[in-house]
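First to last, the sequence lines map onto chains D and H.
Just so you know, our numbering puts 270 at position 270 of the first sequence, and the rest follows in order with no gaps.
Just so you know, our numbering puts 173 at position 173 of the second sequence, and the rest follows in order with no gaps.
The hints are simulated quantities; they were obtained by calculation from the structure and are not laboratory data.
None of the values given here were measured: they were computed from a predicted structure.
Do not take every clue at face value.
[Unchecked claim] Looking from chain H toward chain D, a few residues come up when the C-beta cut is under 7 Å (computed):
(1) Ala83
(2) Ala105
(3) Pro198
(4) Asn244
(5) Pro248
(6) Asn249
(7) Ala251
(8) Glu252
(9) Asp256
(10) Gln260
(11) Pro385
(12) Thr388
(13) Thr396
(14) Thr405
(15) Lys406
Glycine residues also receive a C-beta, built at the ideal position from the N, C-alpha and C atoms.
Each chain is listed here by its residues.
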Amino acid sequence: MSDTIRHRLTPLEKSERRLGFAMLAPAFLLLAAVVLYPIVELIRNSFHFNHLAQPWMGTPFVGFENYVKALGDDRFHEAVLHTVLYVLVTVPGAVVIGLGLALLANQPFSVKWPVRLGLLLPWALPLVFAGLIFRWFFEYNQGIANAMLRGLGLEPLNWLTSPGLAFFAICLAIIWKSSSFVALVLLAGLQTIPKSFYEAAEVDGATKWQQFREITLPMLRPAIFVALIFRTITAIQTFDIPYAMTNGGPGNSTETLAMYIHKTTVDFLDLGYGSALAVLMFIVSAVITSVYLRHTRRDPGRH
Amino acid sequence: MTSRFTRRMAARLGLAAGLALAGAAYAQAQTTLRIFTGGQQRPDVMRQIVDGYMKANPNVKVEVEVGGATSEQQQQYLNTVLASKDSALDLILIDVIRPAQWAAAQWAEPLDAYLGAEKDAIMARYLPAYRAANIVNGKVIALPYFADAQFLYYRKDLLEKHGLQPPKTWDELKAAARKIMAAEGNANLRGFETAGAPIEGTVCTYLVPLWGSGEDMLKGGKLNLAGAAAKKPFELWADLKAANVTPPNLAEIPTDRIRQNMQAGNLIFGMSWGYVWNRLQNDADSTVKGKIGVVPLPGFTADRQATCIGGWQVAVSAFSKNKAEAAKLARYLSSPEVAKQQAILASHLPVFPGVYTDADVLKANPWFEQALPVVQSARSRPVTPRYTEVSEIMRTNMNAFLAGTKTADQALGDMTNRLGAIFR
Numbered sequence: 001m002s003d004t005i006r007h008r009l010t011p012l013e014k015s016e017r018r019l020g021f022a023m024l025a026p027a028f029l030l031l032a033a034v035v036l037y038p039i040v041e042l043i044r045n046s047f048h049f050n051h052l053a054q055p056w057m058g059t060p061f062v063g064f065e066n067y068v069k070a071l072g073d074d075r076f077h078e079a080v081l082h083t084v085l086y087v088l089v090t091v092p093g094a095v096v097i098g099l100g101l102a103l104l105a106n107q108p109f110s111v112k113w114p115v116r117l118g119l120l121l122p123w124a125l126p127l128v129f130a131g132l133i134f135r136w137f138f139e140y141n142q143g144i145a146n147a148m149l150r151g152l153g154l155e156p157l158n159w160l161t162s163p164g165l166a167f168f169a170i171c172l173a174i175i176w177k178s179s180s181f182v183a184l185v186l187l188a189g190l191q192t193i194p195k196s197f198y199e200a201a202e203v204d205g206a207t208k209w210q211q212f213r214e215i216t217l218p219m220l221r222p223a224i225f226v227a228l229i230f231r232t233i234t235a236i237q238t239f240d241i242p243y244a245m246t247n248g249g250p251g252n253s254t255e256t257l258a259m260y261i262h263k264t265t266v267d268f269l270d271l272g273y274g275s276a277l278a279v280l281m282f283i284v285s286a287v288i289t290s291v292y293l294r295h296t297r298r299d300p301g302r303h
Numbered sequence: 001m002t003s004r005f006t007r008r009m010a011a012r013l014g015l016a017a018g019l020a021l022a023g024a025a026y027a028q029a030q031t032t033l034r035i036f037t038g039g040q041q042r043p044d045v046m047r048q049i050v051d052g053y054m055k056a057n058p059n060v061k062v063e064v065e066v067g068g069a070t071s072e073q074q075q076q077y078l079n080t081v082l083a084s085k086d087s088a089l090d091l092i093l094i095d096v097i098r099p100a101q102w103a104a105a106q107w108a109e110p111l112d113a114y115l116g117a118e119k120d121a122i123m124a125r126y127l128p129a130y131r132a133a134n135i136v137n138g139k140v141i142a143l144p145y146f147a148d149a150q151f152l153y154y155r156k157d158l159l160e161k162h163g164l165q166p167p168k169t170w171d172e173l174k175a176a177a178r179k180i181m182a183a184e185g186n187a188n189l190r191g192f193e194t195a196g197a198p199i200e201g202t203v204c205t206y207l208v209p210l211w212g213s214g215e216d217m218l219k220g221g222k223l224n225l226a227g228a229a230a231k232k233p234f235e236l237w238a239d240l241k242a243a244n245v246t247p248p249n250l251a252e253i254p255t256d257r258i259r260q261n262m263q264a265g266n267l268i269f270g271m272s273w274g275y276v277w278n279r280l281q282n283d284a285d286s287t288v289k290g291k292i293g294v295v296p297l298p299g300f301t302a303d304r305q306a307t308c309i310g311g312w313q314v315a316v317s318a319f320s321k322n323k324a325e326a327a328k329l330a331r332y333l334s335s336p337e338v339a340k341q342q343a344i345l346a347s348h349l350p351v352f353p354g355v356y357t358d359a360d361v362l363k364a365n366p367w368f369e370q371a372l373p374v375v376q377s378a379r380s381r382p383v384t385p386r387y388t389e390v391s392e393i394m395r396t397n398m399n400a401f402l403a404g405t406k407t408a409d410q411a412l413g414d415m416t417n418r419l420g421a422i423f424r
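So that you can see chain D by itself, here it is in the shape it has in the complex (with noise of 0.2 Å):
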């Protein structure tokens, strides 16, 4: 078959083949270098004893061995524990703040940008300042939210210092932080929604509530499917937020997956374990991934 086609190609025709080939290599190399070679020396890692404080052990081959202790450690139970919990918390949370303020910005106002900005800012912002930031509202004796308990009259808060409130504060912080990027998904959704339907809506007598279930939210399910995986990929792999803001403390107790395998392969220079873990996360957000793939791919109301 493919023989066939190659012979009806006419000599233009293959070097233009060629020339786009030629013209993505570079592009497809460039990719290879930084996409699948560390992948593929990340899984070759996992396989090895490779711990950099410890060089005169070599690098010899391991199997599974650091799969089989990751299963045995508790540490790693806990961190994805935690990972999960982020992930449940934060993917819906960040959803509905941000289709509120995707519904917000997408209202007739006679000046947009200051809405507009106020949902850029706090997607702008690097995620380690946010935290850095969120680190300082919610610091014991300077922070406002101790100053506003005080302001209250009530007893001020050990917020980064106790593991509830410490979860609490970091999960209200990655949803601001991701909220606004839900929002700028949903609002250009929200903006592909002709306005004639609504008006059909208003003349057949429909509620404002009645029209957002029955066309804002349906016709908005293929950019509310985007954002959730862009938001639950993202919330996985949670890692600057709760590293600026607590550094896993108190004990470990925010610790989550990426942060462990940061600390595991840069802190304790463990390569061949760290790699093991990430491959073990990797494995985790593909599974998610494509979970929601499928979702999206039956999903009816995509046209």
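Add chain H to chain D, keeping to what the hints say.
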């Protein structure tokens, strides 16, 4: 034809002249050395010192790169630089706990060859603890830059006002703090602070009371945390917390916050390092100038006091491209002149016993006279190539305990389990 020839000739001549100029410039050109230091190790003073060096050595240009405030933050950055064998840094200021780890990872250029025949004479000048810390398996891994130990800083004015002596035991400290806090009635005034955040300094928050009760973490290379002494640090900090002497947010306090709180007049007693003195006495925003005293840390009994040894060393990166020049600068930075300069400008404790009694040094730091025996008796955190892991286990569990998320038994149990896997 001729014109083209001449043009080509001219071009060649021009090129040759250019090369010659570049060569001449190269001969004069400078070796640029880049030195890495932490934000808390007074980079401003380092800058003054290397400026002096550059004046005396015009062929050398020294850049100072400033890293994170805490030891583990700096090491995190250095891990990525050195694991990738990056030659960007020539000299690096490293914590006293690191030489063993650096020797094992082969990140530091052994300095023996650069010291030559003088090696033994040079090393003999230092305080024994620093000589020992910087020689690993017979090789000089780094040269001491300044010494350090933890001391008890106290508000001289408040103690005098309430007729109290500087405490020699933790019980005396607790009683003094409670008395002053009750009498002053200032809601912002705290009794005592030590590092409690999950940072390097918090390792000492555990070790100091452990040593104070007469035990050490390791015995013959084996973990030694099974006895009653291993619980003493938890009991001590729980006791001070219950008495409201330590603040409720102790678990979020890193080393330099103690200095800041003291400087703002909000702290009676602080357990911290030598640099604090100079900042409290000289910083423009210090509200406690002339109101501070420094004494050795308290113990469980007055006759058994313990403290953590600290201090910073200059290492030459094994990946530097200018090792000979870097080693020369390292020797200069580790000289008695520089030690004196640092003592006066930054209250950095000297690594040479003689400098402690220098008249100018004592004028700037009257307490240095009593500091020498403290530094001499200060003890070392466990020496191991896997120190980053050891430190992380200790500080994380200590932090969890101070935050109240783990009981003493849980924290000690988790610490013992994880440390046991390292010290097998």
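Each hint tested on the structure:
| no. | hint | in the structure |
| --- | --- | --- |
| 1 | Ala83 | holds (5 Å) |
| 2 | Ala105 | holds (6 Å) |
| 3 | Pro198 | holds (5 Å) |
| 4 | Asn244 | violated (13 Å) |
| 5 | Pro248 | holds (6 Å) |
| 6 | Asn249 | holds (4 Å) |
| 7 | Ala251 | holds (4 Å) |
| 8 | Glu252 | holds (5 Å) |
| 9 | Asp256 | violated (14 Å) |
| 10 | Gln260 | violated (10 Å) |
| 11 | Pro385 | holds (5 Å) |
| 12 | Thr388 | holds (5 Å) |
| 13 | Thr396 | holds (6 Å) |
| 14 | Thr405 | holds (5 Å) |
| 15 | Lys406 | holds (6 Å) |
The structure fails to meet hints 4, 9, 10 from the earlier list, while all remaining hints are met.
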